[in-house]
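Engineer: With the hints as constraints, model all of the structure from the sequences given.
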Amino acid sequence: MALKGVVLYDFLHAKGGAERLTLDLVRGLEGTELCYGYRQPEVFSAGELAGIACHDLEATTPVPGWRTLKVLRAFAGRRAAFLDRYDWAIYSGVLAPVAVRHRKGQRNLYYCHTPPRFVYDLRDYYRDKFSPLLRPALAVLAAYLKQQYEASVAAMDVVIANSENVRSRLRTHLGVESRVVHPPIDVERFRWRQQGDYFLSLARLEDFKRVELIVDAFLRMPSRQLVVVSGGSQFEMLRAKAASAPNIRFTSWLGDEALAELMGGARASIYIPRDEDFGMSPVESMAAGKPVIGVAEGGLLETIVPGETGWLLPAEPTVDQLIESVMSLSGDRAAAMRTACESRAQVFSKDRFLQKMKELVAE
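For the sequence shown, the positions run 290 to 652 when our numbering is used.
FYI, nobody ran anything at the bench for these hints, they're computed from the structure.
Check before you lean on any hint, since a few could be wrong.
[What the hints assert, rightly or not] Mimicking DMTMM-like on lysine to aspartate or glutamate, the simulated pairs with C-alpha atoms at most 20 Å apart in a straight line are:
(1) K393 - D376
(2) K418 - E495
(3) K530 - D505
(4) K393 - D446
(5) K304 - D496
Predicted model, so just to flag it, every value in this text is computed and none were measured.
Structural biologist: Listed below in structure tokens is the structure:
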């Protein structure tokens, strides 16, 4: 009889890499169910989860800080007590791991996208985004999460990092050793379709993803087309900023096929976040035969081969540097990199990922 497993994730509220990986695990490992803190139906419809046995802890609230605490308490509390019935569990996220306390001797694996950065290396950055009146509350929340998170990670049988970059963070901040299993890329879904003339921005619209810098660059390049394919807290601000620019288009979040269609017809993609954990979108771009203009820090150092599958701007890129890279990338030059891009993406295929995860579950 096949062993029964469960994948736990904090919450389904954005279509980012961690969410895609979580669903790939559930669909790719036999006999696996899904448990999450809450689901945002306008982002993840019930139809998108069809065929998956889901357990929604319904720990939602519109207040961000309280939402984090509510989800944490839901995984730690009686609503998650049923989790002791599974033979193995994989935890994906930073809140879900507290549910390990319900498990009684079964196998537990933690897939770490990154330790919570507002608790560790970006603590000051996030603190400065809050008003002075709210900073004490943030400090209390961070201290509580740090305690819960570190105790939960220590209880895992295996800790898995999504990149060498995150492996280093785990070692630095928690003193924990981990194994690296890169995230899965659907190399069959993302494929070359045609040679278009537009550039894609694939990052979530948050300030640390530096999409505003990309928009600023294209505002100065009316002859170059930009399609911004995502959503986030900066969506309305960036769309208003580019309202008078006919060369910049925003799509918000797209379904899988629409995203693959746009990716397959682009000239190249642009992805320049601050110290990215891994970065699945650049590899998806390469799977579609499209080179990537990236940045020389974080997980992109592990995926993009400069001069072969894209370019790496300095760790603190300027608008002028991005403009220079875009203007120098002709359609012919991008097309010449197609084979190298497709070959590089195969290293990060979904099949390889699932095989490695199956081996770790079975150990």
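Engineer: Confirm or reject each hint.
Structural biologist: Results for each hint:
no.	hint	in the structure
1	K393 - D376	10 Å, holds
2	K418 - E495	12 Å, holds
3	K530 - D505	9 Å, holds
4	K393 - D446	12 Å, holds
5	K304 - D496	17 Å, holds
Violated hints for the displayed structure: none, as all numbered hints are satisfied.
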